[in-house]
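S.K.: Assemble the complex: chain A is given as a structure, and chain B must be docked to it using the hints.
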Amino acid sequence: MASTTAIGDVQGQPAVSVVPRPSVIEVHDLTRRFGELTAVDSISFDVREGEVFAFLGPNGAGKSTTINMLCTLAHPSAGQVTIAGFDVAARPKAVRRNIGLVFQDQTLDDRLTAQENLRFHAVLYRVPSREVDARIARVLELVDLGDRRYDLVSEFSGGMARRLEIARALMHVPRVLFLDEPTIGLDPQTRALMWEDVLRLREEAGVTVFLTTHYMDEAEYADRIAIIDHGKIVALDTPRALKAEIGADTVELGTTDDAAAIAALERSGYRVEAVAGGARVFVENGENAVAALIDAAGVPVLNVHVHRPTLDDVFLHYTGREIRESHAEAIPARVRAWHGRRR
Amino acid sequence: MSSAALHPRIAEGPDTVLRDELRTTGMVWLRELIRFERTRTRILSGLIQPVLFLIVLGYGMSGLVGSTAGFDFKKFMFPGIMAMSVVTTAIFSGMSIVWDREFGFLREMLVAPTSRASLALGKTAGGATVAAVQGTIMLALAPLIGVHLTALLVLEIIGLELLMAIALTAFGVFVASHIERMEGFQVVMQMLLFPMIFLSGALFPLNALPGWLTVLTRINPLTYAVAPLRQVVFAAQHMPPEARKRFPATVEVFGHTLSVGTEIGIVVVFAAIFIALAIRGFSRTE
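Residue numbers (my numbering), protein chains in the order written: chain A, 1 to 343; chain B, 1001 to 1286.
Isolated chain A (complex conformation) (with noise of 0.2 Å):
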């Protein structure tokens, strides 16, 4: 088994390293029924190590089928998931001691201090005593709660809880961290915050991030993406690629003449199609293709729209629907920022 590396090994590589490396999740046919009802169909995928990836579906998907499986709190009806070199279904302990898991809801004891939650944690998990001090030390100074060691969690705000949780399951050194829809009920700059702290995280500690979620704009920031839906994975790839494959921009121009415009346009060689209110054109750079379409129109042109792919239209174009209205949450624009020094 090829997946023993230690953090210190994986840290000062670049993020993309020539030698491909080893898959820390192996998962192959896994499937769930509940019933007559297929949940999870025949999934087959890898994770590999230090990677980010983001599992994406709407409710019903198979998404938490497939997590709770994956973290042996499910069984499979068929199929087989090995993480880090482990069985899930053989060796289910094995598999839990090299695990971090965040749900959903707070699983966190408020009449405990910070510090008292991570020693519980550290002692479950067989974390040997000499080491729990330091490493509680270091959890908390990852997602910046070193100054709230000794307070208590009934004290902290939710994003703060949510942080605390993130430090508990990296107290035994997981090789791969599962959150499950980390960033639920959090308003955006936590969200913000949050996103720093899992992106740091593989940076600094070298930890796999397997996440579900439903915000598509957070997806954004995954390696890979798995879009699942009625229980089967239907695109799988950076996003980027996702991006890519559905199509190039489209820019919208609202003429005084539609039918002339989009005759005009398509001698000029333009992919063109009518839409209410005007002409859309498909053309490599939207924003730059602007100024020549507006020459190439003829007439004069009242409005411009670009639009650019976004995973919500990669979504819609695999699922046929929209994920949700989450859209309108935008990511702020200081994750970008960090996100941005990242690449």
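There may be inaccurate statements among the hints.
Unchecked claim - Covered by chain B, per the in silico footprint, the following chain A stretches (three or more residues, Cβ under 8 Å):
#1 54 to 60
#2 120 to 126
#3 253 to 266
Claimed, not checked - In the EDC-like style, the derived pairs of lysine to aspartate or glutamate whose C-alpha atoms are separated by at most 16 Å in a straight line are:
#4 A/Lys243 to A/Glu196
#5 A/Lys93 to B/Asp1020
#6 A/Lys93 to B/Asp1015
#7 A/Lys243 to A/Asp258
#8 A/Lys93 to B/Glu1021
Stated by the list, open to error - Far from chain A, some chain B residues (derived; all Cβ distances over 10 Å):
#9 Gly1026
#10 Met1027
#11 Arg1038
#12 Leu1047
#13 Tyr1059
#14 Ala1069
#15 Met1109
#16 Val1111
#17 Arg1246
#18 Thr1285
Please keep in mind that the hints were generated in silico from the structure rather than gathered at the bench. Cβ atoms here follow ideal geometry from the backbone N, Cα and C, with glycine treated the same way.
M.R.: Okay, now just chain B, sitting in the frame of chain A:
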């Protein structure tokens, strides 16, 4: 700064290591104590009910029953009230699993790569310690009631309280592992706890009851936990024979007066059964 603290990974190794399981049990035990120490209101409310019983019933009944050779009903009730305090706290502590479930922490315990038995034992040990402490606090009322304490008696009381608390906390864990919602907790308290206390001899002597009631008291495990507590307390008091006759401390089964040793044996058996049930119940909890 460095990631050294996060470096060694614990991947290999067997699923169950005794030393680690004991550490887990110890940690769950410690959590119960920390929570108890932090919940002052719970300590206080745990005292109010028994004190109320002692004052209202004790003084009230003492007026009705009168005293024999200076020994009155309050003194008779005192060990029973202590037992009541221990039992209530113990069952509450065991059943705090229902709260753990409600507030999510149960999940943190259940998904851990540890044996469920270690968790159930830790919960039982923790709850039992808390209950014994709560019962021992009641000793502060002894001088007020006129109950004479010796160092040996205090040790005997603590020992008996611990045993009783272990049995009842395990019972609470067992019951809680079969309850999904908070409402179920109220039902159990009403249907189980109060009848058990009332039929245990904590509040009145069990001899000279109608036949059917006698049967109920004798199949009540609590009866065998309350009696030895009263016996050791009475043994340390100056009680003339007529007072001993008026206020009997012992329990008779089929005409035999049970010794403290026999009663302790019965409670140990019950404790063992409840612990086994608690472990089984907890292991099946999802």
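S.K.: Take the hints in turn and mark each one as holding or not.
M.R.: Structure-based check of each hint:
1. Counting residues of the stretch 54 to 60 of chain A whose C-beta sits closer than 8 Å to any C-beta of chain B gives 0, which falls short of three, so the coverage hint is violated.
2. With 6 residues having a Cβ less than 8 Å from any Cβ of chain B, the stretch 120 to 126 of chain A passes the three-residue criterion, so the hint holds.
3. Remark: the stretch 253 to 266 of chain A is not confirmed as covered by chain B, as 0 of its residues place a Cβ nearer than 8 Å to a Cβ of that chain, below the required three.
4. Simply put, lysine 243 of chain A and glutamate 196 of chain A have alpha-carbon atoms about 24 Å apart, too far for the 16 Å limit, and the pair is violated.
5. With a C-alpha separation of about 13 Å, the suggested pairing of lysine 93 of chain A with aspartate 1020 of chain B holds against the 16 Å cut-off.
6. Distance restraint check for lysine 93 of chain A and aspartate 1015 of chain B: the Cα-Cα separation of roughly 6 Å lies within the 16 Å cut-off, and the hinted pair is therefore satisfied.
7. Restraint check: the Cα-Cα separation between lysine 243 of chain A and aspartate 258 of chain A comes to about 29 Å, which exceeds 16 Å; the hinted pair is violated.
8. Taking the CA atoms of lysine 93 of chain A and glutamate 1021 of chain B, the gap is about 13 Å. The hint holds against a cut of 16 Å.
9. Separation of glycine 1026 of chain B from chain A is inadequate, the least Cβ-Cβ distance of about 8 Å not exceeding the 10 Å criterion.
10. With a least CB separation of 4 Å from chain A, methionine 1027 of chain B falls inside the 10 Å interface cut-off, contrary to its annotation.
11. Non-interface call for arginine 1038 of chain B relative to chain A: violated, since the shortest CB-CB distance, roughly 6 Å, does not exceed 10 Å.
12. Distance check for leucine 1047 of chain B against chain A: the nearest CB is about 20 Å away, which clears 10 Å, and the non-interface claim stands.
13. The non-interface label for tyrosine 1059 of chain B is consistent with chain A: the shortest C-beta to C-beta separation is roughly 37 Å, beyond 10 Å.
14. Chain A leaves alanine 1069 of chain B outside its interface by the beta-carbon criterion, the shortest separation being 49 Å against a cut-off of 10 Å.
15. Distance check for methionine 1109 of chain B against chain A: the nearest CB is about 7 Å away, which does not clear 10 Å, and the non-interface claim fails.
16. Look at valine 1111 of chain B: its CB is around 6 Å from the nearest CB on chain A, not clear of 10 Å, so calling it non-interface is violated.
17. In this structure arginine 1246 of chain B is separated from chain A by more than 10 Å, as the shortest Cβ-Cβ distance comes to about 47 Å.
18. Its beta-carbon lying about 13 Å from the closest one in chain A, threonine 1285 of chain B satisfies the requirement of being farther than 10 Å from that chain.
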